[in-house]
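Number of protein chains: 2
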Amino acid sequence: MGVTKTDTYTDQTLTVASIFKALGHPARIAILEFLAKQTTCICGEIVAELPLSQASISRHLVELKAAGLIKGTISGTSVCYCINETHFPLINTFIQQLQTPINTSCCS
Amino acid sequence: MGVTKTDTYTDQTLTVASIFKALGHPARIAILEFLAKQTTCICGEIVAELPLSQASISRHLVELKAAGLIKGTISGTSVCYCINETHFPLINTFIQQLQTPINTSCCS
DNA sequence: ATAATTTATCGTAATATTGCGATATAGTTA
DNA sequence: TAACTATATCGCAATATTACGATAAATTAT
Numbered sequence: 003m004g005v006t007k008t009d010t011y012t013d014q015t016l017t018v019a020s021i022f023k024a025l026g027h028p029a030r031i032a033i034l035e036f037l038a039k040q041t042t043c044i045c046g047e048i049v050a051e052l053p054l055s056q057a058s059i060s061r062h063l064v065e066l067k068a069a070g071l072i073k074g075t076i077s078g079t080s081v082c083y084c085i086n087e088t089h090f091p092l093i094n095t096f097i098q099q100l101q102t103p104i105n106t107s108c109c110s
Numbered sequence: 003m004g005v006t007k008t009d010t011y012t013d014q015t016l017t018v019a020s021i022f023k024a025l026g027h028p029a030r031i032a033i034l035e036f037l038a039k040q041t042t043c044i045c046g047e048i049v050a051e052l053p054l055s056q057a058s059i060s061r062h063l064v065e066l067k068a069a070g071l072i073k074g075t076i077s078g079t080s081v082c083y084c085i086n087e088t089h090f091p092l093i094n095t096f097i098q099q100l101q102t103p104i105n106t107s108c109c110s
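Protein sequence lines correspond, in order, to chains A and B. Sequential numbering of the first sequence, starting at 3, is according to the working numbering. Sequential numbering of the second sequence, starting at 3, is according to the working numbering.
None of these hints come from the bench; they were simulated from the model. Take the hints with a grain of salt, since some may be wrong.
One copy or two, either will do: identical chains are not told apart, so a pair holds if it fits within one copy or between any two.
Stated by the list, open to error - Computed list of lysine to any residue pairs in SDA-like fashion (alpha-carbon distance at most 25 Å, straight line):
| hint | residue 1 | residue 2 |
| --- | --- | --- |
| 1 | 39 | 62 |
| 2 | 73 | 61 |
| 3 | 23 | 80 |
| 4 | 23 | 77 |
| 5 | 23 | 51 |
| 6 | 67 | 81 |
| 7 | 39 | 10 |
| 8 | 39 | 17 |
| 9 | 39 | 101 |
| 10 | 23 | 52 |
| 11 | 67 | 101 |
| 12 | 39 | 102 |
| 13 | 39 | 93 |
| 14 | 67 | 102 |
| 15 | 23 | 79 |
A quick note: this is a predicted structure, and the numbers were derived from the prediction, not measured.
Please model the entire structure based on the sequences and the hints provided.
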């Protein structure tokens with residue numbers, strides 16, 4: 003069905019999944035990598051860097067923004083996008099929680 | 003098109019994106035959370051815990067396994083699934099790399 | 001005001017994902 | 001061997017995602 007039973011998961015689970023989902027596309031990873039290594043962050047430069055159309059880049063930026071992974075600041079006709087670190091602790095905590103050594107004896 | 007231009011991204015970018023993609027569904031997050039808090043890890047218990055059919059759970063387990071996030075060990079007729087921490091450093095490194103404070107002056 | 005520039009949105013087409021019932025497969029037990 | 005149990009796979013239908021060209025919207029420059 004392509005539909006997800008969102009009612010039956012905890013808010014925490016849904017939030018974590020939605021953040022990872024936004025990170026689950028190479029174009030969006032490439033955008034974040036680009037933003038991290040650049041001193042500027044104008045939308046047009048991302049379009050020039052990635053192998054996608056301006057429309058497609060814009061859609062990916064919307065998704066990253068909706069997930070809270072970037073924030074955009076209008077500056078004249080262009081928009082400056084930057085990484086939003088807000089959810090990073092959530093990601094780190096989730097990964098750490100998976101590392102509890104309860105099951106070490108199980109699949110050895 | 004729903005198709006991704008995989009040729010034009012680096013292997014590193016594609017790998018990171020595929021790991022996050024596997025994490026980008028609440029059922030798979032719930033499976034990992036379950037595996038982390040249980041002392042046992044039998045497939046059937048996951049089916050009993052989550053609001054999905056056995057077939058759907060199995061598909062999600064295949065995806066998690068393909069992404070290298072779990073490993074399965076056959077034990078009789080049942081299968082014991084455990085978290086595979088192999089890729090966790092990659093995730094942590096990626097998140098850390100996004101935290102370089104180059105753009106701090108940009109979107110304030 | 002008009003033109004130019006930059007980004008966002010719309011419409012459409014193609015592919016991917018998700019879910020389930022049904023069935024197949026593999027191992028266990030009687 | 002035959003029945004049983006547990007998991008995987010198939011086939012299908014519905015929804016989601018992705019990409020692009022075209023166009024709209026917003027700001028700046030002439």
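query = Is it within, between, both or neither when you check residue 39 against residue 101 at 25 Å Cα-Cα?
reply = between (30 Å within a copy, 10 Å between copies)
Alpha-carbon proximity context of residue 23 and residue 52, limit 25 Å = The answer is both: 20 Å in one copy and 20 Å across copies each meet 25 Å.
key: Same-copy or cross-copy closeness of residue 67 to residue 81 [CA-CA at most 25 Å]   = within (13 Å within a copy, 40 Å between copies)
query = Should residue 67 paired with residue 102 be assigned to within, between, both, or neither, using CA atoms and 25 Å as the limit?
reply = between (32 Å within a copy, 19 Å between copies)
inquiry  = At most 25 Å between alpha carbons: which applies to residue 73 and residue 61, within, between, both or neither?
reply    = within (14 Å within a copy, 35 Å between copies)
inquiry  = Regarding residue 67 and residue 101, is the shortest C-alpha distance of 25 Å or less found within a copy, between copies, in both, or in neither?
reply    = between (29 Å within a copy, 17 Å between copies)
ask   = From the Cα coordinates, with 25 Å as the cut-off, is the pair residue 39 and residue 102 best called within, between, both, or neither?
value = between (33 Å within a copy, 8 Å between copies)
message = My question is about residue 39 and residue 93: at a cut-off of 25 Å on alpha-carbon distance, are they close within one copy, between copies, both, or neither?
response = both (21 Å within a copy, 17 Å between copies)
inquiry  = Within a copy, between copies, both or neither: which one fits residue 39 and residue 10 at a CA-CA cutoff of 25 Å?
reply    = between (39 Å within a copy, 18 Å between copies)
query = Can you tell me if residue 23 and residue 77 fall within 25 Å by alpha carbon in one copy, between copies, both or neither?
reply = So residue 23 and residue 77 fail the 25 Å test inside a copy (29 Å) and across (32 Å) alike.
query = How would you label the pair residue 23, residue 51 (within, between, both, or neither) given a Cα cut-off of 25 Å?
reply = both (23 Å within a copy, 23 Å between copies)
inquiry  = Within, between, both or neither: how does the pair residue 39, residue 17 come out at a Cα-Cα threshold of 25 Å?
reply    = between (27 Å within a copy, 19 Å between copies)
The structure is inconsistent with the numbered hints 3, 4 and 15, although it conforms to all the rest.
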